Structure formats: C-alpha cells, structure tokens
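Below, each chain spelled out in residue letters.
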Amino acid sequence: VSARLRVNPIACTAHGLCAELLPESIALDDWGYPILDERPLPPELLDHARRAAAACPTFALMLEWRDRG
Amino acid sequence: MTAVGVEVTRLLAGLQPDRRLDLGEHVEAYGPVGRAAGGPGLIEVLERSGLRGRGGGSFPTGRKLRAVATGRRRPLAVVNGCESEPASAKDRLLLERLPHLVLDGALLAASAVGADEAVICVSEDAPRTADALDAALRERRERTRLTPATVPAHYVASEESALVHHLNGGAALPTFVPPRPFERGLRGRPTLVQNAETLAHVALIARHGAEWFRAVGTRDDPGSTLLTVSGHVRWPGVYEVALGTPLAELVALARPTRPVRALLLGGCFGTWVAHEDAAGMPLAHHGLRERAASLGAGVVVVLGQGTCGLCETAAALEYLADESAGQCGPCVFGLRAIADRMAELADGTAPPGSLEQLARWAAMVARRGACHHPDGAVRLLRSALDVFAAEAAAHQAGGACPSMLRGAALGLPVHHRRGA
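One line per chain: the protein sequences are A and B, in this order.
Residues in the first sequence are numbered from 61 upward in steps of one, following our numbering.
Residues in the second sequence are numbered from 103 upward in steps of one, following our numbering.
Incorrect hints may have been included.
Unchecked claim - Computed Cβ-Cβ distance ranges for the label pairs, DEER-style:
| # | chain 1 | residue 1 | chain 2 | residue 2 | range |
| --- | --- | --- | --- | --- | --- |
| 1 | B | G271 | A | G92 | 43 to 53 Å |
| 2 | B | A381 | A | D90 | 36 to 46 Å |
| 3 | A | A115 | B | D477 | 21 to 31 Å |
| 4 | B | D477 | A | R126 | 34 to 44 Å |
Just so you know, the hints here were simulated from the structure itself, not pulled from any lab data.
Computed from a predicted structure; not experimentally measured.
For each residue, glycine too, the CB sits at the ideal point set by N, CA and C.
All chains, please: the whole structure from these sequences, using the hints.
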C-alpha cells in the first residue's frame, strides 16, 4: 500500500502547521491554505506526514492509504 | 421564454406556445408508457441508448443508474430541476410546460433502480415552476411517491452533494465527498440524482427504445439535446437539436443581430470560443471535449462584435466569486482575488503583470475546492484570457476598452443572491 496526503478543504482554516511540519510535500498558497503534493509519500516522509496530520487543529489533513497499482 | 423546435422535435414535440400540457394532453402527445417499460430492464436499455446526463456533467445515465441500483439499501431518486446556471432556461421550460415528461422519467428511473420515492427539486426563486409542478402532481395517481421540494437559489445549491445535504435537513452547501450521493445520499440511502431534461429523455427512451434514441445524433453522442441560446440574437430561447449539429448552424437559427465575435459554451461554468474556431465545432460532448470545452447544461451565449468579452467575463467572475458557498479557502479568497483583479482590468486600472497574476491564481485555485465551483470559474477565466487576448492586453495597457459597448450579453442576475 501507499499513502497520499489529502485535505478536507471545508474543514481547513489555514493554520499552516502542516506546511511547517512537512515542507517537503506541503506548500501554502497566497492565502495560507495548503497545496499538497498528491503523489504517494516516500517512506522516509511517512512519520513526518503522520505528525503533520495529527497536528492539524481542525483535523482537515489526513493520510489516505491505497493499494499500490 | 420562447421555444423553437429545430432539426429534431422529440422532447418539445408536444410543446404548446402558451400553456402547460395536462396529463391527458401529455398522453395524447407522447403516448402512454408501456407496462413493461420500467423496472431493472430499463437500465440496460439506457446503457444501450448512450444517453448522458444533461445537467452539465455528461455522465452516462445508464451507468449511474446501475451504480445506484447495486447499493445495499433501497435507493431514492432526486430530480434536479434547480437550474442555477443563469443563462439556462431548458429545465424550467420542461417543468412549466411539459412537466409530465419529467415526472414519467422520474417514476421510470425510480422503478429501474428500485426506489420507492422521487423528490423533485426546483429553485425557490422560481414560483411559477413550483406552481406548474404542483398542478401536474395533482393530476397524477402516483403523487404519493413524488415529493416536490424547493432549494435555495444560489449557484452551488444544485450541486449534487449540496442538494442531498439540503434535503437531509442541512445547509444547501456542497459536502466533502466521498461518499457520493449514489453511495450514501438522501436519508443515508443510495440516491439517484438526475437532471430534469435527462429524465425527460428517459421517458421517451422507455417508450420508443434505445435504437429510436440513437437514430439521431452521432455514434458517440446519440440523441437530441435542449440548448438555451441567448446574447446578441434575434430569437433567444430553448432549441432542441440533434447532438453533433454544427455549432454554426444553431447560431444561425437564432439569428445573430451583429457579426459574431465569440460564443460562450456552458454558461458561467463554461468556456469562450472564438467565432472563427466555432465554425467547425459540433454540438457534442466528444467533439467539444477535445477542445477543452463542453456544453455544460446546454448553454450557448452569442457575443457580437463591439462588445468586450473581457468585461463580460469580469462580470461573470464577480458573480461566481459572490456565489462561492464560502466553505473552502482557495475558493473564497482565490475567486475574490481573481474577480477584483478582473474588475480592475476591465476598468483599465490593473497593476502591471496582472495577466500573469491571473494565470497564476487560476492554477493555484483549480481543483482545490470540495466541489467544482472554483474549477468552473477558472475554466471561464482561462478561456477568456485566451480568446480575448487582444482585449486583455489593451485593458492591461490602460487604454480605452477596444470595444464600443459594454453589453450584458450574459444576462446575469442583477441582484446577487446570497446565503444558504
């Protein structure tokens, strides 16, 4: 399986913690909302991604697990 | 509202110029629905017919019915007659003049997926449509299975998930999907949401069969479709044409009042096409998709020379920014930024580099909402910057608008309707 980042744009209120914690995969747009790298996360970033998702104050960021292929 | 049946007269065959068809007249005009027409067998007929949804998504209707029917719980059906696109009038025409065609389709589609009830949604700012629907329902024995409902009159309220959320007692705002309505919708049950015109086609396919439906149109885009033509034409209104009809022929039928500069296909949610590029384009899902355009809910707005497409687009984007559901940051702030910059551009007061900034914002906002509202706005913007590149450059340079008139070809609502 592989994991991808996904954001619920309705729940997100632009705290921006995720981009601080995972700058490799998350950038912020002009208004502070996250722009995600939607490719499968490389294994070395998985722990950071979990931490970023757990840190989101509005539970908007999540990891989505998919079967590879 | 005028309605002209051209090329093909199928849905509009029974249309009377001034009144609604009652149930008796409807049966006389279109014939009775055969006893064996509904039920699960209809799904296969619809799949063979090649009918696609006429609400804007162009999703294959048979495939949607099959997805709903294979859910574990008993499904429900929802008729989407809200028609929130300001330049579209075809669903209102059907519901006000030929409502029994839509009701036949609703009952048939419901029976095909095993639904015991259909909810018919119209916009709360369309009281005439609601009245016509109520009058038609009073004539039907099946009215216990047909429930009318009104929906707030804002642009995204008729988006599938917003519609279901509203009917479930929530706000008429899009929800974060999945689950999609066909999986879990009204009352948690699999829900078939179909546009009113799509169901009118279902009513005729159930009567006459898939082969009859395919006898007009093209192999990939069979059947006829309703198109609302407006703008700089002598005869605006709803036209029924075979899919695949050249765009130029439809425009000629509506009699442009001036030489044509460009066409807006799909309305506020659509794409501008320069007149010279439109010449060879077919009115069909497939022929337009290759050109990154679509008919949307069947809207064609004709823009005559002497009117500035950039100014028209600025007005449309102002409307779309206002009509954001206000839920997702990129849509709320992005569409507002785009609309404000477009207004400055239209006024000739935009700072240098505004065209590049607009293109950058378009890329930034696309695909980042819970629904497709920002995507539609961005599509409109990009096509405008492409088709009206010369006008855009002149506006950026701060000179006078190169067009003589700032017309209101789009016919956007004067009063923006807010709130859910």
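Here's how the hints hold up against the structure:
1. G271(B) <-> G92(A): 43 to 53 Å: violated (33 Å)
2. A381(B) <-> D90(A): 36 to 46 Å: For A381(B) and D90(A) the Cβ distance comes to about 39 Å; the hint holds.
3. A115(A) <-> D477(B): 21 to 31 Å: holds (29 Å)
4. D477(B) <-> R126(A): 34 to 44 Å: violated (23 Å)
In the structure shown, a violation is registered for the earlier hints numbered 1 and 4, in ascending order.
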